[in-house]
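Those protein sequence lines, which keep their order, are chains L and A. Take 1 as the starting number for the first sequence in this note's numbering and just add one per residue. Take 1 as the starting number for the second sequence in this note's numbering and just add one per residue.
Worth double-checking, as some hints may not be accurate.
[To be verified] Simulated restraints, written as ranges between beta carbons of each label pair:
no.	chain 1	residue 1	chain 2	residue 2	range
1	A	Gly444	L	Asp221	31 to 39 Å
2	L	His273	A	Glu163	49 to 57 Å
3	A	Asn72	L	Asp194	27 to 35 Å
4	L	Ala337	A	Gly79	54 to 62 Å
5	L	Val7	A	Gly79	34 to 42 Å
In case anyone wonders, no lab produced these hints; they're calculated from the structure. Note that beta-carbon positions come from the ideal geometry of N, C-alpha and C, so glycine has one too.
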Amino acid sequence: MAENSTVTLSRVNTPPAQTWNYLRANDITLEVPFVSRKGDVYFALPRLFESIECGMGQQVTEWIESQATDASYVEVRAGEKREEPIVVTGMDTGVMVRAGAEATVVVCVGGAKGSVGSLSASSAAGETGQGPSESANEANASATSKQLSTSAALVRIIAEHDARVHVLEFVAADDEVQHIESVGITADARAHVDARQYFLGAGTTAAGLTCSLNGSSARFDLTCRYLGREDERLDINHVVRMRGRNGRTNVTESGVLDGHARKALRATIDLVHGSSGSEGTELENVLILSDDVTNKTMPVILCDEDDVAGNHGATIGSVGPEQIRYLADRGLAEHEAEALYVRALFDESLIAAPTADVRAVLLERAKAVLGEDIANDLVEGLELDAVAHEED
Amino acid sequence: MSERTENRTQVADVDRSLYDFTYSEEGYERYDDGLTPDIVRAISAKKDEPEWMLAMRLAALETYHAKEMAPNWGPSIAGLDMDHISTYVSPRTKQAKNWDDVPDDIKNTFERLGIPEAERESLAGVGAQYDSEIVYHNMREDVAKSGVIYTTIEDALHDPQWEPVVHEYFGKLIPPADHKFAALHYAVWSGGSFVYVPAGVKVEYPLQSYFRLNAEGAGQFEHTLIIVEEGADLHFIEGCSAPKYYEANLHAGAVELFVKDHARLRYSTIENWSKNMYNLNTKRARVGADAQMEWVSGSFGSHVSYLYPTTILAGDRSNCEFTGITFAGATQDLDTGCKVILNGANTTASVDTKSISKDGGCNTFRSSVVVGRHAANARCTVSCQSLMLDDISRSDTIPAMDVRNATASVGHEATIGRISDDTILYLMSRGCSEAEARTMVVGGFANPVSKELPLEYAVEMNNLIKLEMEGAIG
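Given these sequences and hints, build the entire structure.
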């Protein structure tokens, strides 16, 4: 019989190089549900996936593997341009994009239990392992001071040479949800991976992504947009290992923090010995709307090669007085101007959403954050109804 | 320009013998290696300290033994074994006010380093420490008349006027429990300087302390305590060097700087420890309202460094500028940077650092910028540029920012790269050899730092760069 309990994932989501521990910016500790799976047979991913470094680290990988029902493996054949997105529905997913193929991988979490979209979990901890597919991805767990239901996704992607992979991650859940998302990607020669992350809500969002550019001339582009409000907590760890020659990495992160939100973002570009000719750039812009916000930013460059270029930058601040005056001249009060930035986040995420299900998740969150009227404006402005109908 | 500096403007005129010479320790007082309460009591008794200082030392020793090193921190210091380090080595001489009263071997050491000459030409006062004790201390009469106190902490502790002041400030900015090597420092500290600049006094020429560690397998634990009262102004220079041994040496000093309202302090350091040195130094400044703290830091020596000068901008409208350069060559792993804490409203900070890695040397730049809740309109910019001179060296940049105020503005930028081939080709087409071209580019890269230094030190820094660049080609 399954025994339900909680376990602590201690100091996870760590970057390769760390800063002073007293700043409490190096990691996050999470309390997560644990259901004993003694006697179950776990159908894991092919061994090849074990070597992939995932953003939140090995401890999280092992916990998710211990809690998932079975792993889900998807393969896109060499040269295939797969139109239909691969929507991640389980806790443990492996995607193999063969040489010259193209695919889109989507992870979406929303709703009151993190259950909308790809993660269709509906059961609590005691019920994990009962369904044939996805019920293990949600459980009731105590995290911080209040009861949060936990959802989790472990996604490992192999992009063979000349492959093109698009990764889309959406987290737009209610405050009662703690979402854990660990992604690992490897890219062979000339593979091009672009990832877009939209972290727009959840009591706690802990997300890590590691991309290893193993082959020469591989490329990785990452855009991360986030919103933290009320008592939400965001902990993000991005790591790009540039191993092959002439690799290119471009990471941009930006977001808005309000209320008592706490955010830590760690972004590391690791120019490994042998990556000559490579260039990596990382930039973060943070807009802070409240004095009760805690924003921690840690942009790191590790460089073990001379013929490379590594750049990073970060700007942290509020809406400038000139911008406020400009908008005031056009009839917008300060709070309305600030709301525009939040609205823009949802606007962008809706444009990026690849399916009607994902859009529905985002719109539900937009209604909760911006109000029904503005959410309807978004729908009209983007002509989303028409798109949804067409898909129906 | 002095003859000494003139003579050293050519690479050919600079060699390691400038720093890598040593004299016998015969006749010196040397305490047993290791750390015991008896050694701590002996150091305290030797200095005839007040009871509170002995109690502080013994408590710090306990803290040192109790504290663990963070397992996720920087370069390894596994080669440092305190059981093989003597914490107190002293020549049997008294502190002198005249160089003629300093024993010949020690006087020769400082003369070769150019200290007496610099004192004559451009300094308001000099303190020279040899191993664990200050052997020479002097200050210009006119500066002394203005009420400036520049002495050793030991002497201040024996002065009824200054003992309460030392008691009030000593160990307050860097508490013994701050980290393991701060605790070690407070257990066995010896030597260093006490500077007090009265309100409104502007010291026109810099004061300088030079620290020389001659003994093998020894530690230097000097404590510098500077109080710049309201509206006062001081430039303090710190220099340090040691000859090279194959046994580990340790430097674990502490620098506490109190810059009161409307005051200004510039603290310049050229550190050129030998490459068997573990340089685990702690520096911290607290800055009052409308006051200014300027750091200029050049790190060239040591085997391993942990060095992160900290500035606490406590007063409104206070300001901090940090300018630093680190040069890591073969066998060096230098973990340097700075920390700024902006607590006052309308505070501003600017950090500009450069690092150069060569011959397998490792550089790590770390910074932390913390903006407190009450630091309305605080502004901070951090710029870090790293130059890689070959493919066996390493350079890491690890900044952290913690911002808790909506009106604050914090910016950070960093770049890592190498000298472009186009630049070298351009210079070579105009008659430079490749080695000259590279040295020229590195010199230009370091120029923003050297121009902040007093002339003597700028020349020394440029020569160190040239010296380090020797053999960079082929």
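Please check whether Asn72 of chain A and Asp194 of chain L have a Cβ separation lying inside 27 to 35 Å. holds (32 Å)
Just to be sure I understand the hint, the distance between the Cβ atoms of Gly444 of chain A and Asp221 of chain L should be within 31 to 39 Å; is that true here? holds (34 Å)
Are Ala337 of chain L and Gly79 of chain A spaced within 54 to 62 Å by their CB atoms? holds (57 Å)
Satisfaction of the hinted span 49 to 57 Å by the C-beta atoms belonging to His273 of chain L and Glu163 of chain A: Because 56 Å falls inside the window, the suggested range holds.
For the hint 34 to 42 Å, verify it against the beta carbon of Val7 of chain L and that of Gly79 of chain A. holds (38 Å)
Consistency note: the structure conflicts with none of the earlier hints.
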